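K.L.:
One letter stands for each residue in the lines below.
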Amino acid sequence: MKLVLFERDARVVPGALVDDAVVDLDPVVPSAATPQARMEALIDGFDSLQPALERAIQTGARIALDGVRLTAPLPRPSKVMCCIANYWEHAQREARPLNMFLKNPDAVVGPGDTIRLPNYTVPWMFMHEAELGVVLKGPVRNVAESDWRTAVFGYTGMMDITGRGEGRSTWGRGTWLGKSFDTFLPIGPCITTADEIQNPNDLWVQFWNDGQLRHNYNTDDMEHRVPELIAFASRTLTLRSGDLICCGTNHEGLGPVQDGETVEILIHGIGRMALKVEDPLKRTWERGIYMGQDSVNHEAVRRNRPQEAHLLRETTGT
Amino acid sequence: MKFVLFERSGQPAAYGVLRDETVFPLENPPIGDTPQEQLQQLIATSESARPRLDAAIPLAQVRLLPPVHRPGKIVVTTATYGAAEPVPSLLATLKSAESVVGPGETVRLPSVDGKWQFVPQAALGLVMRGPAKNIPAAEWQRAVFGYTCVIDVMARGDQQFGRDYWLSKADTLGPIGPCIVTLDEIPDPTQLRVHSRQNGTPAQDFLIADASHPIGEQLEFVTTVMTLHAGDVLVCGSSPQGQRPLSDGDGVEVEIDGIGRLAVNVAATVGSGV
Chain X
1 MKLVLFERDA
11 RVVPGALVDD
21 AVVDLDPVVP
31 SAATPQARME
41 ALIDGFDSLQ
51 PALERAIQTG
61 ARIALDGVRL
71 TAPLPRPSKV
81 MCCIANYWEH
91 AQREARPLNM
101 FLKNPDAVVG
111 PGDTIRLPNY
121 TVPWMFMHEA
131 ELGVVLKGPV
141 RNVAESDWRT
151 AVFGYTGMMD
161 ITGRGEGRST
171 WGRGTWLGKS
181 FDTFLPIGPC
191 ITTADEIQNP
201 NDLWVQFWND
211 GQLRHNYNTD
221 DMEHRVPELI
231 AFASRTLTLR
241 SGDLICCGTN
251 HEGLGPVQDG
261 ETVEILIHGI
271 GRMALKVEDP
281 LKRTWERGIY
291 MGQDSVNHEA
301 VRRNRPQEAH
311 LLRETTGT
Chain R
1 MKFVLFERSG
11 QPAAYGVLRD
21 ETVFPLENPP
31 IGDTPQEQLQ
41 QLIATSESAR
51 PRLDAAIPLA
61 QVRLLPPVHR
71 PGKIVVTTAT
81 YGAAEPVPSL
91 LATLKSAESV
101 VGPGETVRLP
111 SVDGKWQFVP
121 QAALGLVMRG
131 PAKNIPAAEW
141 QRAVFGYTCV
151 IDVMARGDQQ
161 FGRDYWLSKA
171 DTLGPIGPCI
181 VTLDEIPDPT
191 QLRVHSRQNG
201 TPAQDFLIAD
211 ASHPIGEQLE
221 FVTTVMTLHA
231 GDVLVCGSSP
241 QGQRPLSDGD
251 GVEVEIDGIG
261 RLAVNVAATV
271 GSGV
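Protein chains in written order, with my numbering: chain X, 1 to 318; chain R, 1 to 274.
Some clues are possibly wrong.
[What the hints assert, rightly or not] Label pairs and their calculated CB-CB ranges:
1) X:Ala144 <-> R:Asp210: 46 to 54 Å
2) X:Thr284 <-> R:Pro88: 24 to 32 Å
3) R:Asp184 <-> X:Pro27: 44 to 52 Å
4) X:Gln198 <-> R:Gln141: 51 to 59 Å
5) R:Gly251 <-> X:Ala144: 28 to 36 Å
6) X:Ala33 <-> R:Asp184: 25 to 33 Å
7) X:Asp9 <-> R:Pro88: 48 to 56 Å
What the hints contain is simulated information worked out from the structure, not anything from laboratory work. No experiment lies behind these values; they were computed from the predicted model shown. Beta carbons: idealized from backbone N, C-alpha and C, even for Gly.
The following block holds chain X by itself, in its conformation from the complex (with noise of 0.2 Å):
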């Protein structure tokens, strides 16, 4: 199931996205303060709901989606909790430590919304990266990596927009302080339950900036899988419903947002969104990936660090 928020006469409404349409469940979803709330109560109580779901999703009517305005689907998190790089990118070296930070939960945007970078320019530049989010279900503490499917709800799609200090280095080092700038937290454009991704470590996640594609990978090239994550991060906080994990991004294809562009997400197996960035300043930077001196891709490795050439594995799995 595809799990969605959507605009309807006013309000946010819980939806299931079926082909290229969308249904409303507003009927079936128990009512709640919030979105936030309304989500976290559709996860909490997905189980016993599911029956009622699953006839609204064969008898509704079917909205079309490009008539339809969806929002974030977890629009206000307690917490997100994100992974410090995590991927391989292509490179034969040792795995890094495991590491996350806090992204500020205020900052979420979803599809059709814009990006605003800040009147700021301490960060020299403001870089898109695309990840797998992982939707939890909770209150779990100390999860084995075993049990990690107990506290996974679904998947969607997130951009962990980010101000940079120097080279590709996160700007406020060791705080990720450069993360958690109003609106730089895309998350959409649904929630694709647990039981229709077989293997989170086997999904082909590509972003495209004004159509020309940047990051494009699969994430089998994570360095710290998602059992670990649920463990890691279950060992420090309590995870709870609506909660998420962002597993870091493979920075190969990493490079600049800057105002006027459109920045597109697509996970397949979970869904495509696309935003708009807005920068008050209109500061540019060369369009494309990111090939400066510390780049990962490995086009920039071979030109700026041909000493570390060797090390470099061909990209495939995608």
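Given chain X, put chain R in place with the hints provided.
P.N.:
Just chain R now, kept in the frame of chain X:
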């Protein structure tokens, strides 16, 4: 006014007013499904909040809960106090509502290998009125509802990979309390003195006036990055002086003159490590 969130046996948690050793329920208690929603309502309507003087309850008969029960965000700045040398540019990091415990509750240290230490940092907390974005330093007070005490427990041991900040976000590592003191009660917040004791022995002791970055500058910086909302907490950094690592069974007290004293216990947890 000093607002507290309190609980009496058999009754749901409610906001009240603390005067000396007495708690007064509110005449028109704020409405909300959760204490945090009630706080947001209280912030929006605090001008008209009145204690029920006919319903005094001795403080000893109630249990105080963290006055900010599940803040949407806890933003901790890197401001320091009394530093002799130039300090790095101001930054900030996030904790979550999972950090929060209240007076008399227990900080549970994550179970990690011996290279990590956990250090309590006494701090002034600003409870936000919100929504606050791009607040000029000189106007910081209009964005703030009140003051509270915070113990920002920080992990130390692995700066190379930055897991210090991650572990510092663990459940229970951010005690808050005992009350929220409204802005009008503190004529000059730079004169606030933050001091702490560990197992009864004096530990940290510093003045807000000695901040590397004054409160207004901290708030301006954080709201340049993100919007702070009603009931979010901005933690105004701490002093490097007097910090000592925590052990199982410790007691930690933070007191800010004019606000109150927040005391918590410490327990080491049994678990599977980082």
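K.L.:
Look at each hint and say if it fits the structure.
P.N.:
Hint by hint, here is what the structure shows:
no.	hint	verdict
1	X:Ala144 <-> R:Asp210: 46 to 54 Å	47 Å, holds
2	X:Thr284 <-> R:Pro88: 24 to 32 Å	30 Å, holds
3	R:Asp184 <-> X:Pro27: 44 to 52 Å	49 Å, holds
4	X:Gln198 <-> R:Gln141: 51 to 59 Å	55 Å, holds
5	R:Gly251 <-> X:Ala144: 28 to 36 Å	33 Å, holds
6	X:Ala33 <-> R:Asp184: 25 to 33 Å	31 Å, holds
7	X:Asp9 <-> R:Pro88: 48 to 56 Å	51 Å, holds
Hint violations for this structure: none, all hints satisfied.
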